[in-house]
Amino acid sequence: MIDNKNVERKKSRMYSRQQLIDGWNQDILDNGTIMIVGVGALSLL
Amino acid sequence: MGIGKLILIDLDTIETSNLSRQMLFKPGDEGRPKAEVAAERLKEMNPFLKINFYFEKLQKLPMSVYEEADVIIMALDNFNARLDLNKICLRLKKPIVEGGTVGFEGHVQIIIPKGSNLDYGSREKEIEKILESELWKLNEDDYPEYFSARAKIEELENEIDKIREEKIEPVIEKIRDNIKYKFDEDYAPNKMNQTACYRCLVPIPPPANKLVAACTLKGLPRNRNHCVIKAEVDFQKKYGKKPDFNKDDDVNFLIELAQNELEALRNRVFEENIPLEKLQTLTEQEVNEWKENIRKTFGPDYKFEEMENILENKIAAIQTVSSIISSIESQEALKLLFRVKGRNIGPPMYPSYINYNGVYGQFDCLEIQKRESCLACGNIEGEENVQIVVPFDADVEYIFKAMTMSGYDLDPDLWIMTNPMTKEFYWNPYVESLKVPNLKLKADLKIDSNAIVALIPLGEAKENSVIKKFNVVITYM
Numbered sequence: 044m045i046d047n048k049n050v051e052r053k054k055s056r057m058y059s060r061q062q063l064i065d066g067w068n069q070d071i072l073d074n075g076t077i078m079i080v081g082v083g084a085l086s087l088l
Numbered sequence: 010m011g012i013g014k015l016i017l018i019d020l021d022t023i024e025t026s027n028l029s030r031q032m033l034f035k036p037g038d039e040g041r042p043k044a045e046v047a048a049e050r051l052k053e054m055n056p057f058l059k060i061n062f063y064f065e066k067l068q069k070l071p072m073s074v075y076e077e078a079d080v081i082i083m084a085l086d087n088f089n090a091r092l093d094l095n096k097i098c099l100r101l102k103k104p105i106v107e108g109g110t111v112g113f114e115g116h117v118q119i120i121i122p123k124g125s126n127l128d129y130g131s132r133e134k135e136i137e138k139i140l141e142s143e144l145w146k147l148n149e150d151d152y153p154e155y156f157s158a159r160a161k162i163e164e165l166e167n168e169i170d171k172i173r174e175e176k177i178e179p180v181i182e183k184i185r186d187n188i189k190y191k192f193d194e195d196y197a198p199n200k201m202n203q204t205a206c207y208r209c210l211v212p213i214p215p216p217a218n219k220l221v222a223a224c225t226l227k228g229l230p231r232n233r234n235h236c237v238i239k240a241e242v243d244f245q246k247k248y249g250k251k252p253d254f255n256k257d258d259d260v261n262f263l264i265e266l267a268q269n270e271l272e273a274l275r276n277r278v279f280e281e282n283i284p285l286e287k288l289q290t291l292t293e294q295e296v297n298e299w300k301e302n303i304r305k306t307f308g309p310d311y312k313f314e315e316m317e318n319i320l321e322n323k324i325a326a327i328q329t330v331s332s333i334i335s336s337i338e339s340q341e342a343l344k345l346l347f348r349v350k351g352r353n354i355g356p357p358m359y360p361s362y363i364n365y366n367g368v369y370g371q372f373d374c375l376e377i378q379k380r381e382s383c384l385a386c387g388n389i390e391g392e393e394n395v396q397i398v399v400p401f402d403a404d405v406e407y408i409f410k411a412m413t414m415s416g417y418d419l420d421p422d423l424w425i426m427t428n429p430m431t432k433e434f435y436w437n438p439y440v441e442s443l444k445v446p447n448l449k450l451k452a453d454l455k456i457d458s459n460a461i462v463a464l465i466p467l468g469e470a471k472e473n474s475v476i477k478k479f480n481v482v483i484t485y486m
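For the record, the sequence lines run as chains A and B. Per our numbering, the first sequence starts with residue 44, numbered consecutively. Per our numbering, the second sequence starts with residue 10, numbered consecutively.
Because the hints were derived from the structure by calculation, they are not lab data. All residues carry an ideal CB built from backbone N, CA and C; glycine is no exception. Keep in mind that the hints are not guaranteed to be accurate.
To be clear about the criterion: a stretch of chain B counts as covered by chain A if any three or more of its residues have a C-beta under 8 angstroms from a C-beta of chain A, and this derived list gives those stretches [what the hints assert, rightly or not]:
1. 17-23
2. 289-302
3. 421-434
So these bits of chain B aren't anywhere near chain A, every CB distance computed over 12 angstroms [as the list claims (entries may be wrong)]:
4. 55
5. 57
6. 172
7. 276
8. 285
9. 307
10. 315
11. 322
12. 372
13. 444
14. 468
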């Protein structure tokens with residue numbers, strides 16, 4: 044239980060700067076799927 | 010990196026040349042699948058990320074894999090794979106972020122398929138674009154004042170504003186109002202909430218590499234690339250396999266073969282230019298100058314890495330440009346993902362295509378048009394454009410061979426070949442006099458380079474073939 048809480052907190056901290064953007068909703072991204080076809084250009088994704 | 014799930018697809022394995030610019034890979038990864046290694050590294054960077062990876066051709070993946078994705082980033086290195094993925098995404102109505110780089114240049118295109126229900130485009134801008142084209146269609150009889158006013162503007166610059174107000178604007182307003190009135194019904198279905206697709210920009214895909222190679226080999230090598238292509242064929246004859254560019258021995262042997270061909274090419278050109286009688290009149294210094302000039306024309310001796318660059322048709326690439334392009338792709342994918350999920354953090358880029366030139370550090374936004382005649386997203390169904398390269402002395406039979414090498418195996422007994430303009434038959438398997446496989450395209454049929462011939466199925470092929478007409482652009486080499 045404590046572990047789960049820690050994990051969630053870490054995740055929340057990881058994305059803390061994005062949360063400052065108007066309209067941002069991390070839950071939406073968490074439930075989103077992006078496919079990348081051709082991994083060579085993935086360098087900075 | 011904050012996405013819940015990534016699906017990575019790549020058929021390639023890591024090569025040494027990737028390490029200088031594909032930052033997820035490091036020395037020691039050579040030979041491993043790119044998709045697998047990228048998944049590992051991304052997972053290290055963000056353990057919350059869920060990743061599925063496929064070391065597989067995109068055409069072989071089940072549709073369910075694509076259906077799972079909200080947005081698809083197309084980061085491919087060849088036309089045909091792009092066209093296939095474009096087709097899949099249009100069918101599934103998945104938004105695409107397409108990108109590519111060549112040397113110091115790069116581009117990003119977003120593709121929103123019709124029916125994906127994403128809010129895209131500006132009603133006002135579309136109205137203005139239509140207005141502009143409608144104004145060009147006006148004729149003087151219907152709008153004499155408009156036209157005379159246009160003329161006066163040129164003559165009387167100091168009165169432009171006044172004339173515009175009295176004569177031009179009323180007409181523009183009238184037509185704009187008319188467009189606005191009809192926009193939702195007549196124009197919006199084809200203008201709003203969709204973009205041009207990838208195929209709109211590539212109506213005729215470039216010829217298959219192996220076709221160019223086969224064509225090249227029919228004659229003697231005429232440039233340094235031809236010599237390497239010939240060397241590869243000789244390599245295959247000797248070892249029964251293609252050279253492995255990760256094996257130094259294979260590459261060294263290939264260089265030796267290519268170098269012999271290059272030397273023979275230099276000698277041929279020397280002999281063509283300096284016949285024996287002329288050679289006897291030249292000093293040693295003059296002969297050396299000739300040889301040096303020929304050497305400059307065909308380039309220096311081969312370098313190790315040149316074999317792979319030529320045979321695998323590698324494209325110039327540097328990390329800086331790749332970084333810029335992949336960053337824009339990520340940003341657009343992010344906005345589209347929010348939009349797919351019903352939230353707006355900013356509109357996707359408009360126009361839908363951006364070009365970057367790294368030499369000048371310049372971005373250009375380009376208006377690209379959705380083509381109604383596009384073979385992927387337009388109104389034309391069952392046609393395909395194909396460009397083939399053929400030798401100068403190619404015959405009718407060679408067209409069928411070239412089509413096979415381009416991925417279309419057509420039975421000559423079930424297809425007719427015609428001139429689409431004059432309807433003249435070049436090949437008709439049902440008529441004995443029109444069934445002459447060795448008729449020369451250029452000499453007998455007078456087909457010029459870059460002319461188009463049509464291939465149309467008959468009988469069984471007509472029923473079974475998805476494509477009902479091939480428009481074949483013939484280029485001589």
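Hints, verified against the model:
Residue count for the segment 17-23 of chain B with a Cβ under 8 angstroms from a Cβ of chain A: 4. That meets the three needed, and the coverage hint holds. With 0 residues having a beta carbon nearer than 8 angstroms to a beta carbon of chain A, the segment 289-302 of chain B misses the requirement of three or more and the stated coverage is violated. With a threshold of 8 angstroms between beta carbons, the proposed coverage of the segment 421-434 of chain B by chain A is violated, since 0 of its residues qualify and at least three are required. Some Cβ of chain A comes within 12 angstroms of the Cβ of residue 55 (chain B); the nearest lies about 8 angstroms off, and the non-interface call is violated.
Listed as outside the interface, residue 57 (chain B) is inconsistent with that label: its C-beta sits roughly 5 angstroms from the nearest C-beta of chain A, within the 12 angstroms cut-off. Chain A leaves residue 172 (chain B) outside its interface by the beta-carbon criterion, the shortest separation being 46 angstroms against a cut-off of 12 angstroms. Every C-beta of chain A lies more than 12 angstroms from that of residue 276 (chain B), the closest at about 40 angstroms, which supports listing it as non-interface. The claim that residue 285 (chain B) lies off the interface holds: its Cβ sits roughly 53 angstroms from the closest Cβ of chain A, which is beyond the 12 angstroms cut-off.
With a least beta-carbon separation of about 31 angstroms from chain A, residue 307 (chain B) lies farther than 12 angstroms from that chain, consistent with its non-interface assignment. With a least beta-carbon separation of about 20 angstroms from chain A, residue 315 (chain B) lies farther than 12 angstroms from that chain, consistent with its non-interface assignment. With a minimum CB-CB distance of about 15 angstroms to chain A, residue 322 (chain B) clears the 12 angstroms threshold, and the non-interface call stands. Its beta-carbon lying about 17 angstroms from the closest one in chain A, residue 372 (chain B) satisfies the requirement of being farther than 12 angstroms from that chain.
With a least beta-carbon separation of about 44 angstroms from chain A, residue 444 (chain B) lies farther than 12 angstroms from that chain, consistent with its non-interface assignment. Listed as a non-interface residue, residue 468 (chain B) keeps its Cβ farther than 12 angstroms from every Cβ of chain A; the least gap is roughly 38 angstroms.
Going down the numbered hints, you'll see the structure goes against 2, 3, 4, 5, while the others check out.
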